[in-house]
Structure formats: C-alpha cells, structure tokens
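Colleague: Spelled out from the first residue to the last, the chains are:
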Amino acid sequence: MQLIKTLTASTAMLVVATGAAYADDHMASDMTLVSWGGAYQNSQIKAYAEPYMEMNPGVSITWDESSNEAVAKLRAMNEANNVTWDLVDVVAADAMRLCDEGLAMEIDPDEVLADAPDGTSAEDDFGDLLVSDCFIPQIVYSTTFGYREDMVPAGTPAPTDICALFDTETYPGMRSLEKRPINNMEWALLCDGVAKDEVYSVLETEEGQQRALDKLATIKDSVIWWSAGADTPQLLADGEVFMGSTYNGRLFSAIVEQDQPIAMLWDAQVFDLDGWIIPAGLPEDRLNRVLDFVKFATDTQRLADQAKYISYGPARFSSAPLVGKHAELGIDMAPHMPTDPENAKNTFLYNYEFWADYRDDIDAKFQAWLAQ
Amino acid sequence: MRQKMRALMLVAPLLIFVVVTFIVPILSMLFRSVENEIVPNTIPGTVVALSEWDGSTGQPPHEDVYRNLYIDLFKAEEAKQHTRLGTRLNYEQTGVSSLFRTTGRSLDDIGELWQDPLEAIDPNFEEGSFWFEMMSGTGGEGFLEQRRELMAAMSDENMSGDVGFVPSAEIIEMLPWTARAYTDFALWAAIRDGDTVAEEDPWESVYGALGMDLTNPDTVSAINSYNGAGASALQAAAANIDQLPDFGFREAFTQEDEDWGNAEVWATIKLYSPSMTPGYFLNSVDMSLTPDGVKMKPDNQQIYTTLFTRTLVMALIITGSCILLGYPVAWLLANLPMRTASILMILVLLPFWTSLLVRTSAWKVLLQQQGVINEILVWLGFVDDADRLILMNNATGTVIAMTHILLPFMILPLYSVMKTIPPSYQRAAKSLGATNWTAFWRVYFPQSVPGIGAGSILVFILAIGYYITPEIVGGTDGVFISNRIAYHISSSLNWGLAAALGSILLVVVLGLYWCYDKIVGIDNVKLGG
Chain A
0 MQLIKTLTAS TAMLVVATGA AYADDHMASD MTLVSWGGAY QNSQIKAYAE PYMEMNPGVS
60 ITWDESSNEA VAKLRAMNEA NNVTWDLVDV VAADAMRLCD EGLAMEIDPD EVLADAPDGT
120 SAEDDFGDLL VSDCFIPQIV YSTTFGYRED MVPAGTPAPT DICALFDTET YPGMRSLEKR
180 PINNMEWALL CDGVAKDEVY SVLETEEGQQ RALDKLATIK DSVIWWSAGA DTPQLLADGE
240 VFMGSTYNGR LFSAIVEQDQ PIAMLWDAQV FDLDGWIIPA GLPEDRLNRV LDFVKFATDT
300 QRLADQAKYI SYGPARFSSA PLVGKHAELG IDMAPHMPTD PENAKNTFLY NYEFWADYRD
360 DIDAKFQAWL AQ
Chain B
0 MRQKMRALML VAPLLIFVVV TFIVPILSML FRSVENEIVP NTIPGTVVAL SEWDGSTGQP
60 PHEDVYRNLY IDLFKAEEAK QHTRLGTRLN YEQTGVSSLF RTTGRSLDDI GELWQDPLEA
120 IDPNFEEGSF WFEMMSGTGG EGFLEQRREL MAAMSDENMS GDVGFVPSAE IIEMLPWTAR
180 AYTDFALWAA IRDGDTVAEE DPWESVYGAL GMDLTNPDTV SAINSYNGAG ASALQAAAAN
240 IDQLPDFGFR EAFTQEDEDW GNAEVWATIK LYSPSMTPGY FLNSVDMSLT PDGVKMKPDN
300 QQIYTTLFTR TLVMALIITG SCILLGYPVA WLLANLPMRT ASILMILVLL PFWTSLLVRT
360 SAWKVLLQQQ GVINEILVWL GFVDDADRLI LMNNATGTVI AMTHILLPFM ILPLYSVMKT
420 IPPSYQRAAK SLGATNWTAF WRVYFPQSVP GIGAGSILVF ILAIGYYITP EIVGGTDGVF
480 ISNRIAYHIS SSLNWGLAAA LGSILLVVVL GLYWCYDKIV GIDNVKLGG
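Chain order of the listed sequences is A and B. Just so you know, we're using numbering that gives the first Met the number 0 here: the first sequence kicks off at 0 and counts up by one. Just so you know, we're using numbering that gives the first Met the number 0 here: the second sequence kicks off at 0 and counts up by one.
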C-alpha cells in the first residue's frame, strides 16, 4: 500500500515537473541529430551546433553517425512507432524517398526557414535547390574526379576533360568509380558523344542504357568499384589508381590538408545536394526545439560559416559572398568550392526525378552487368 | 502431465523471450516476401473495378476504373500514402513512382474542373454547412462504417471515434459517388484533423464525384423528383449539365500524364492487386510475373541465381581452406605441452577479439597491388613490377580474408574434439605395426571427424551470410547474395525482395543441413567433450 502511495505521489510530481517544463517554452531540452560523421559532421558541429548551444545553454545535442543508413533506419523506427531522431542529414535523393514514404515532414520554407539578411524570402534564397517538399538544403557538393599528377605519362598534358576516364591509352592506370549506375552512366554517355541536355532522354531507352554500359565496358577491366566516399582518396594516395571519382570535399582534404600529389579534374562534375529532413510525427516539444534549431542552423551566416571547415558550397545564394577562409589553414575557400565559376565551367546537374523512377530498373541492369 | 507443465513453466520466461524478440520479428520480416497489401489497401475501389478489365486488348480500362482511382487517390494523397504505393509499383514498372507523385499534386486541379462550374451554377455549393445538411440524414450507419474501415486500412491509422455525421440513405442511393467522397472527407476531417464536419469546406474530390453522378441519366431523373435538403441546388446542377466538363476522368487523368492511358501501367497495377504476391520470390530467382504468365527476365537483368550459386560455391571453398589450415593448428594445440599450447591458443584467439572491420582493412593493406605482399614479391624478384598480382577486389580477396576471419570457428571445435582423443590409441596402432600415416589416417583422423563436421557447419553457415568483408575486398566477382540483401534493405528499400532473398537463403541452408544430417549424421557433430 505504502509502495502504491509513493508511486502515485512520484508520478504526480513527475507530471507536475514535465508540466512545468512544457510551460517553460514548449521545447525539449535535448536533440538527437543524425549526420555522416567525420570531417563533415565536424563542420556542422563547429558552424551550427556549438554556436546554438552557446545561445541556449540548457540544450544538449547528441550526434548519431547513421546518415548512411538513415532511410532504412527511419523506416524501421517508424514501423516500431518509436522515432528517436529529431533531425536527419541526408542527400537530396534520400530526402525525396523519405518524403514519398511519408517518413519525413513536409515543410513550408518561408515559414520554417529564416529570410536572407536583405529580406529575400527563404524560398527564393534557396531557389531551385528545394527539390522536395520535405528537404532543407545545406550544401552543394559535387562528385568529381581527382588524378595522380605524378602518374601522368611524361610529355602528356594533364587531363582536363572527363573523357580522359575512358582514354586508357593516353592515361594508363586503374580508375575508381562508384559501384552504382548513378553518375557513371551519365559520364559514359557524355563521352560517347551524347549532348549534355540529351543524356537523360537517351538514358530512358533500353538502347541508351545498353550504350552507356557498352561504353563503361571498354574500361571495365581497369576499374576498381568503390562504395565508401573515403575509398578513392585512399586509392589515389596509395597509387592504386590513376584517377577516381569521389566527393569534392574528400579530394580537398587529400590535396590541401594532407598534401598528396593529387589534382582536381572539375570537368563534368555532378552537382548534388545534402541537407536536413525532420522525421514525421515528432511530439510537439521536440518539434518546437528542432524547428528553432533548423531556423538558426540554415540561416545565411551559419551556412557560410560551414564553408570555413569543409569545401562544400552553401545552399543559399545569399551565403556565397560571405564564404571566407579555412579556419585552420587560413587559405581562401572560394576557389575550392564546386560552385566557383572557374570550377563550374562545365557542370552536370543530377536529375532527381529521373533517378527516382529509373533507379531500381537501371541498378538491376548495372549490377547484372558488373557480375558478368 | 503435471510435471511436464511444471517444466514448461520453468522454461517459459526464456521461451517467451526468444519467441517475442527473435522468432516473431524474423517471421514478420519473412512474411514481407509475399505481402502486398499496400495495393488493395490504398486503392481498394480501383482494384475491384479493374478486375473486370481485360488487359490483353491493349486498351486502357473503362471510365469506371478512373473514377474509382480518383476517389481512392484523393484520400490517399491526404494521408500521404499515394507516393508509397508509387514506390512499391515502381519496383515492377519503371516510371510509376513519378506518375503517382506528380498526379498526387494535381488531384485538386482535377476536382476544380467540376468545382468551379458547380459553384457558378449555385453558390450554395461553396458552403461547407450546405453540403453537410444535404449529405446528412439517417440510415447510412453501415455505409459510414464501411468507409471507416477502408480509410483505416489505407492510412494505417486508428479511425475510430465520433464523426458527428451520418450519411443519408436516400443520398447514398441517389448520389453513390458523392456519398463516398463526402463520407471519406467527413471521416478525415472529424477524426484525423479533429474538426467539425459542418464547418469545413469539402474536398475537391466531392465536386468531382458529383460530376460523376450527374453523368448518369437515372440520377438526373431521381434528382428532379427529389425534395430533401439541397434539392434546389442539385436540380439547378442537373439542369445545367452542359456547363460541366464534357469529358470524363479518363481524359482528366491522361491530360495530367499520358501514362494513365498506357495499358502496360494498368496491367502492372492489376497484376499486383491481390494482397499476396509471388512477385518478390519470382524476382529473386530472376523471373518475373507478367500478364502472360511467369517468364525469365531478360539476360541483362539476371543476377540473383548467379549470386546464389557463387555464394554457395565460395562458402564451400572457404570452408575447405579453413579445414586445410585449421586442422594442423588444432592438432598442434591439442598435442603440445600445456604452456606452449596456451600461447598458441592466445595467437588463435587474438584476431578473434579484434574488430572485423579492422581485420578486413588490414587485409586491404596487405593485398592491394601497391600493398605489402606485392611489394615484397617484387623486391624478391618473383613478380615483375609491371605485372603485379591482383589479390583483391575479386573472389581471391574474399576467400583469403574470409578464411582468415573464420579460421577460429574451425580451430576451436576441432581442438576440443582432438583434446578428447587419447594419445594411447595411436601408440597402440603403431605398436601393432602401423606406419605413422596409417596410424593417423585409420585411427586418429576418424575420431576427429566430428570436430571437422562441427567446424564446417559453423564456418559454412557464417560464410553464407557474410557481407562486410566481401563488400570491402570482393570487388565485383567476390560479392555474395547478402550484399544484395543489404542493398535492398538499406538502400533501395525494397524490403519485400530482401525478405524473399533472405527466405531462399534460409531454405537453402536448412536444406544443406538436412543433406548433411542424411550423409554424415548430425550425431557425428561435436563441439567438445
């Protein structure tokens, strides 16, 4: 009996206490953010999380390095009715998928996100980069090539054209490419003489897909297929491959921070986006906290700050002029941004709608082709 | 009997724990390989209407199907379920994903094609309270419950509770489409959004549905003799049908996206409309379900049978090399003096305690073309610098790394079995005139077979399910079926296919276990003593 009384009393106190916390500002005091780990997550901690916690001393942030499997994990959490994440960093294609599955919350950018300092609405400031109703873009990154400068044959000019990838006579050596059709198929068609704006209409057809695979087949024996972004910088550093594709930030850190004899080949770099999604169905207090954080973390200054730590371009137009110097090395970051005019002479824009439709089909063919 | 009960009670906690945390989740995951309820749940009316359609004519289905599709999709869009359905069907028919996504966005526009002229004919149609009064009545409780169940199945949410609305039986009879759309709207507004139905403006689909009803001449004559609530507005609409769009929903849909007129898309929807499907299992053996029956997939898409055979063959090779390498080590362990044996034992166990990823990455450093092994071979002059061995990113890499990783699982059972073989047997054999080899082969080896059996089963079953190591060192021809399962679980989100592949793998392993039992006998397996 005594026990029951104590239990009731403490439950009542708990209710009062939570009630008080609610009355405070209806915001939870801790958040779980999901990101990619490594240098990228570090840049987010430095640029967003630390200043935010300074402004809100009572808030604690837990980081979970699960972005790689975010889609599957979020789906499993949702089915178990126990979503423990508050904000998840994913690439745009995953954001679209999560939105389609009803796992991410739809947002109204003008309401949720901060305006630019000059008063431009968030929707205009992010512009075309708002590729899904659930997606809050942070950075523009690109998948591009790096090559070993010391492995370019003597007397041959350094490669400036994406098609050096397929030219194993002029540039002998292994290549590393991602073990999935996305990007590789587009590059293959570009180098097979398809005009840039026709790539996706060619790739829609059976013949076009076969044509891309046939082009890739010409170098199949000299390709190492990677599945983690760190593979290509490692393979380049070890001299295992002559050239390879990866995310531009990875190459930046290999070239600038680790001083490897690697050079960038920006030609036909493929722009892609990374950003936040808010899981659907968060309780009100957690949602309020997340919305407060997101508004802060995606404002013009914060996005520009992130570029001090990693060479990815801020997703807001208004952030671009504010990009400064590297926090530790003190070098100008602008020339290392994928969006820098000098680097972006010839770029390729990833077509989200196309890959959402064709991913399963083309991936089946691509994997079957790899296994042959 | 009582004793049995008591024994059962004693093990019950463990039994319940195992069932709840292990068997139930696995079975529910495997059940996904045939489960297909998302299609009949999300577009129930369409599925029923579509069953009458004959896909072999190559003609798109009848207007009736499109009307059902509109009513079904509209509420699915409210619940954000239509894109999930699109993703599901996109596994079978490329392009359906964006078809559902873009159509979802334009469902309001389609409804407005009817809403605007209806409101122009009689402004009463703008009022939520007018609609409420017209649709309410008595006798529609059964209809309401029917729609409630459909809504709950579609949205996967609990739809119980008071709606504050009962449709009128007379209206249900006179305006069947409108009654469906309005009841769906009322359920959603009252239960999901917590609003009062009479104060809310109805969905655009309700206007579209009234448009559907008005195309029926019987309905028009019924309206003209109707005198309940809203009679004058309905009669005005019936009198001015010429102001409503002169096309049906088939045209409205095909105008939004011409794929809705594509018989192939409809054939796929029809094929996958039952709540159970063999489709995932067929896919996982490189076949596919088509309107003309089950067919092999085209050559350029066949992959799973190759991967299954490769997984089995390579797991056998790995098991074999584990026996070859593990047997002498286990023999040494069992026969050396205690002190030396324990040091050797630590050497066996040490890698066992190291993280799998670390060990695999270490193999990468050793095996790559500029790696330690190749460097040494080049330095010794065994291999030409331009012609270095390719030891990884292929099947060789997988076999080498996995043999190393799984070796302790072979050595430990072998060791514990060998430990129990009395050395006096071999001595006795030799004293009777056997050579060293005969004594080993005829006396020692047969006694160690149970250890080989136990080790082989462990290694083989572990090898079959491995995916991290093959992913890192396997390149393209050293990856296993588990890598595709992992891809479908975490990347393509095709859990049905992943479950089917997993089920097949499970059945294959059980089948092999059964064969092993028949050939070697499971009594011959010993993990120790």
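Just so you know, the hints here were simulated from the structure itself, not pulled from any lab data. Please read all numbers here as calculations on a predicted model, not as lab measurements. Positions of the beta carbon are idealized from the N, C-alpha and C atoms, including for glycine. Incorrect hints may appear among the rest.
[What the hints assert, rightly or not] Rough simulated footprint, nothing fancy, chain A against chain B, three-plus residues with beta-carbon under 8 angstroms: (1) 2 to 9; (2) 80 to 89; (3) 94 to 106; (4) 296 to 307; (5) 362 to 369.
Colleague: Now look at each hint and say whether the structure bears it out.
Modeller: Verification of the supplied hints:
1. 2 to 9: violated (count 0)
2. 80 to 89: holds (count 6)
3. 94 to 106: holds (count 5)
4. 296 to 307: With 6 residues in contact (Cβ-Cβ under 8 angstroms with chain A), the coverage given for the region 296 to 307 of chain B holds.
5. 362 to 369: With 3 residues close enough to chain A, the hint holds.
Checked against the numbered hints above, the structure violates only hint 1.
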